[in-house]
Structure formats: C-alpha cells, structure tokens
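Q: Dock chain B against the given chain A, drawing on the hints supplied.
There are 2 protein chains.
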Amino acid sequence: MAELKNFQELRSMVLKRPRKIVAVSCANDWHTLEAVFKAKSDGLLDYVLIGDKNIIKEICREKHQNFPEGDIIHCTDEKKSAEITVSLVREGKADFLQKGLMQTRTILKAVLDKKTGIGTGNLMSNVALLEIPGYHKLVGVTDGGMIIYPTFEQKVGMIKNAVRMFNYMGYEKPKVAVTCALEIVNPKMQETVDAAKLKEMAENGGIDNCFVEGPISTDIAFSKDAAKVKKFESPVAGDADIILVPNINAGNMMVKGLLLFGHAKMAGVVMGAKCPIALNSRSASFEEKYFALVACCLISDIVG
Amino acid sequence: MAELKNFQELRSMVLKRPRKIVAVSCANDWHTLEAVFKAKSDGLLDYVLIGDKNIIKEICREKHQNFPEGDIIHCTDEKKSAEITVSLVREGKADFLQKGLMQTRTILKAVLDKKTGIGTGNLMSNVALLEIPGYHKLVGVTDGGMIIYPTFEQKVGMIKNAVRMFNYMGYEKPKVAVTCALEIVNPKMQETVDAAKLKEMAENGGIDNCFVEGPISTDIAFSKDAAKVKKFESPVAGDADIILVPNINAGNMMVKGLLLFGHAKMAGVVMGAKCPIALNSRSASFEEKYFALVACCLISDIVG
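Chains as they are written, first to last, in my numbering: chain A, 108 to 411; chain B, 108 to 411.
One should not assume that every hint holds.
Since the list can't tell identical chains apart, any single copy or any two copies may satisfy a pair.
Pairs of lysine-lysine residues, derived as PhoX-like cross-links and limited to a Cα-Cα distance of at most 25 angstroms, are as follows [what the hints assert, rightly or not]:
id	residue 1	residue 2
1	331	186
2	372	244
3	147	123
4	216	337
5	112	331
6	372	222
7	295	147
8	337	295
9	123	244
10	372	338
11	170	335
12	338	170
13	112	170
14	186	295
15	221	147
16	381	147
17	372	331
18	160	222
19	337	186
20	170	337
21	200	186
22	372	335
23	337	372
24	200	335
25	147	112
Note that these hints are calculated values from the structure, not bench results.
Predicted model only: the values in this text are computed from it and were never measured.
Same shape as in the complex, but just chain A (with noise of 0.2 angstroms):
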C-alpha cells in the first residue's frame, strides 16, 4: 500500500488528477487569498471567491497581487456568504469548499440546512492531517477542533470518516490507534473501555476499510522503540495513520504542542458533508491554509 510520507507527495499526487475547483468564503482574508493563488499557480485548482469585493481589492492592492474580477462574487454579509458558498458545491459549480475569514458555525450551519445545504446525515468532524518531522509519515488527528466530549457512536463517525479520507488518499486500510493515557483497559477510564469496543466492532466487520488498535498509548502509537519497552504487539504500534483522541482537549494539546515545538505542518479538514471543507483557524499561516486546500483536492471527490 502506498503511504503518503510528506505534503509534498501529497501535492504530487494531486498534480497529477484533473483540476478541482474550489469555492472560498468570506474571502476577505490575506492568508486565504494567498493560499488560494499559490494553490492556482501552481496548477492545484481554480477558485471562485465569495466576499467583500472592496476589501478583496483592497487587500489584493496591498499585496501587489493582480487577478480577474470576474472570480469575486461580492457578499458583504457572512451568513449570506456561506449560504452562497455552499450552494455552488450543490449545483456542481464547485468541488469543496474553504472557509475564510468568518465564524467556523456559521459556514457549518449553511453546510447542515436541511433544505439548501450539503448534509450526508452522517457525523461531521475535524481530522488534523500533520506532517511531523521524525515520523516516517503523514498522520491524520481526529477530533481537536469540532467534537467536545464525543459519545461511543460519534467516536465510529470520526473513525469512518478519517477513514474514508485516508481511503481517498490513497490507502486500503489505514492503521486507526484509539489512544489513551494507557495502553490497558482500566474500568475507571472509560476511554480506555469505548477504545477496546471500537477495535472489536472493526473486527466483527463494523467499521470498514480499515485496522484498529486500542486502548492504546500515544508513544506506543507513534514509536516502535516504545512499543518494543512496553511489550505492545500490533501492526499499528509505531505505524499509526490515524489518531483517534478520546476528546476536543486531548487533540488539541497534542497537535499545537506538535505545531509550535514539533516544526509540524497541518492541514484542517472537516469530513462528513458532501465534500470536504478546507477548515483552519482564523489565525492559521498561509502555509496551513495551503495545505488544507491540497489535502482537500484530493478527497473532493469523495461522494459525487
């Protein structure tokens, strides 16, 4: 099975598939419309813009950076944005689409109106797919962003679709390690009780595509060595792709400590509706957005 070891493979291999096009809204952000450039020079995709049209120039004048009018489609008000965003995915005018400078509820919203939106009725969640020096390969984080305390079934979701984005990726089974402060199931934890269910339910044939392991510890998911120490033995002991935390705090801690001291790369995904959202922080580096749109070219195709 071919793994993806880096963004850059991961470019490579959108490089070589039909271009995608994406819809941004509240576009009026300089990181986002730098992501969005770079992502079209460089051959990734083709972009519609939804925002303030003044500001858009404005900030394009700033930063010396020319480009059609015609790909602005002027919105100055945010809900109205992600309702116009979303609705080009529905009509086939756009394959996914990247979230700007705006409320993360506020595009989710408009994604899950019953009515107008791009719903699945499936869970939708957060997968933070990290490029971390020294570890052999990219690995996909899942839930930092969106799920606070995640229930036993939201936990099956957020493997699905973890899952379902790596299968797009690329690979057949992907390595899930439900992690734990523990590598045991200790009834006190009921983390550590939901993890030895969820590997037995994907046994048993109830969660597909897949290979899971838990309870299982962070250093034994990531490291050979520790798993070795610790008399661990699985296929995804120091080879994990996927990275189930048991909730929003656990994700998060780990994927900014991996950010900020870790020289870690990320790109925000939001899995679950029709197609992929491109979903950083509003704080996030060009770099990240860049990446969340390439993670996103990708997997767009995933349901239509």
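A: Using the frame of chain A, we list chain B on its own:
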C-alpha cells in the same frame, strides 16, 4: 524573579546546596540505578537502595559498576520495599523517594498509609517538568499521569502542588495557564468554566503565590505571537511556567508528543506528600530518571 532556562541551570542550583539523600524503592532496574549512581558521582546526593540485593548486584556486574554493598537494604517483596522506603523518610534518614521497578499504586499506598505513611492530607498529583527546545524556560505540566478526571477542588490542589514546587525552585509567583481547547468561556465546555473560576479564585486570594490565567489555549500559553494574533493580553501569554491541563489524556498526549517529536526532556515528580517522589514510567530513559532526581533534590525540603 529568577527563571530556570533548562535542567542544566536547575542542576547548578542543586550543586550549591547540601547533598540530599534519596531512598529508592525496588531499585533492581538498570536505568534507575544508572540515574542514582550518576547523581551521586555528580555530587548531588547520597542514596539508599531498597530491593533484591542479588538482582542489583547481578545488574551491576553486567554493567561493570561497583558500589558499596552497605548501600542496599535487601528486600524481595514490592510492598515491603515501598514500606521500608517510606519509613526512611518518616524517620529522617532520607529526604525523598524514587520509584524503581514497581507499580505506582504500591508506592503511593505506602506513602498514604495513615499510620506509617508520609501523607499530608493534601492531594497528591503529578507534575511533568519539561525542558522544550524552542521554549525559553522550564515548564511544569500537571497532571498527565495520576488524576484521571480532576474535579474543581482537585484542580485547585493540582495548582497548589505545582506552585509549591516552583516556589521552591525560586519562583516567587509562577505563571499558571489553565489551558483548554478554547481561550473563551463556553458553557458547553466545563473546563473553560472551571478555568475562569480558578482565575477568579486566585485573584481573590484563594490560591497563593502565583498568577493564574484561564481559560487560555495552549498556543497562547506558549507563544506571544499566537497571543498577539488572537488579541489575548495577559502576563501569562507566551510565558507560562505551569500548564494545568483539563484531564489526564490531554496532559499525557501533549507531553508524549513533545517528548517524541519536540526533543523535550522530562522530570516526573509527584507532589503532595511530606517529600517529593521521583516517579517515572517503567519505560523511562536513564535521562528522565536522572532529571527527576535532580528536581527532587531541589524541592525536597518542602515540608520537613
């Protein structure tokens, strides 16, 4: 206020003080012995080993390490070894404890025994003291090792333990970041509500000798740049000494991520008894065990 940049500076402080004596429970483990021997030859401490004399001698023979036999109290039973170790502190023959090759719960049980133990009635909690390349000083993360789902009262106890540790390291008012996935109060996330209450409690004099900020996200706690982008103003932003994490999984995963990929170094210490306890995972490296000893030397006159 003097801040400690790294373990080297912490070690220099220890060298200026009188030697301490560590009692090592179940010392029959090479990494544990190696750490103790190095700390002794560095002039930091003297030791008493409690454990299986034959195994200890065999390990030392293998590693070509000589030491006076009189330093061992022979004991092959784990529970008994813990009891002897604790009694040495109680009787003033040792300044602090180190856990060797044994279950954490066995040593804690002996420490907390109402008749023969060295408990104080206060909460016992774990502080992982970290040196992280890229961060300008040591930082203590509590609690990624012992307390699974801390209550509000336990969070108060965890802060007090970590603050006491930093006070003894020479910090008058360490900066405590009560971290969450968010830096604003969200009633759906109890952690953020607790964080705001902890800040208020500290401001009203309910937690002494420290400065508490919360809720605060991990990136803001560690990075002034992130604080600037998110317009978060606080003396703790980008300058945290102590990170209070909302649950064991969050602390465990962040710390393991930093150890695996951030080249961080760690000293694991348990606070709350009459002396600190150098307590590392059984799979911890020699270096981790050594740093835990160094840290405990500095803070072991906390109560007695």
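Q: With 25 angstroms as the alpha-carbon cut-off, assign the pair residue 170 and residue 337 to within, between, both or neither.
A: This pair counts as between: shortest inter-copy Cα distance 22 angstroms, intra-copy 53 angstroms.
Q: Please work out whether the CA atoms of residue 186 and residue 295 approach to 25 angstroms or closer within one copy, between two copies, in both situations, or in neither?
A: between (44 angstroms within a copy, 23 angstroms between copies)
Q: Could you place residue 112 and residue 331 in one of the four classes (within, between, both, neither) given a Cα distance threshold of 25 angstroms?
A: Answer is within; shortest intra-copy Cα gap is 17 angstroms, inter-copy 31 angstroms.
Q: If the cutoff is 25 angstroms on CA atoms, where do residue 221 and residue 147 land: within, between, both or neither? Let me know, please.
A: Neither. Shortest intra-copy (32 angstroms) and inter-copy (70 angstroms) distances fail the 25 angstroms Cα cut-off.
Q: Between residue 147 and residue 112, at a C-alpha cutoff of 25 angstroms, which is it: within one copy, between copies, both, or neither?
A: within (23 angstroms within a copy, 45 angstroms between copies)
Q: I want to check one pair: residue 372 and residue 338. Are their C-alpha atoms no more than 25 angstroms apart within a copy, between two copies, both, or neither?
A: between (31 angstroms within a copy, 23 angstroms between copies)
Q: When no copy is specified for residue 295 and residue 147, does a C-alpha distance of 25 angstroms or less occur within a copy, between copies, both, or neither?
A: neither (51 angstroms within a copy, 40 angstroms between copies)
Q: Given identical chains, is residue 216 near residue 337, meaning Cα to Cα at most 25 angstroms, within a copy, between copies, both, or neither?
A: between (45 angstroms within a copy, 24 angstroms between copies)
Q: Quick one: residue 331 to residue 186, C-alpha cut-off 25 angstroms, is that within a copy, between copies, both, or neither?
A: So residue 331 and residue 186 fail the 25 angstroms test inside a copy (48 angstroms) and across (32 angstroms) alike.
Q: Is it within, between, both, or neither for residue 372 and residue 335, if the alpha carbons may be no more than 25 angstroms apart?
A: between (28 angstroms within a copy, 21 angstroms between copies)
Q: How would you label the pair residue 337, residue 186 (within, between, both, or neither) given a Cα cut-off of 25 angstroms?
A: between (51 angstroms within a copy, 22 angstroms between copies)
Q: Could you place residue 200 and residue 335 in one of the four classes (within, between, both, neither) given a Cα distance threshold of 25 angstroms?
A: neither (51 angstroms within a copy, 38 angstroms between copies)
Of the numbered hints listed earlier, those contradicted by the structure are 1, 6, 7, 13, 15, 18, 24.
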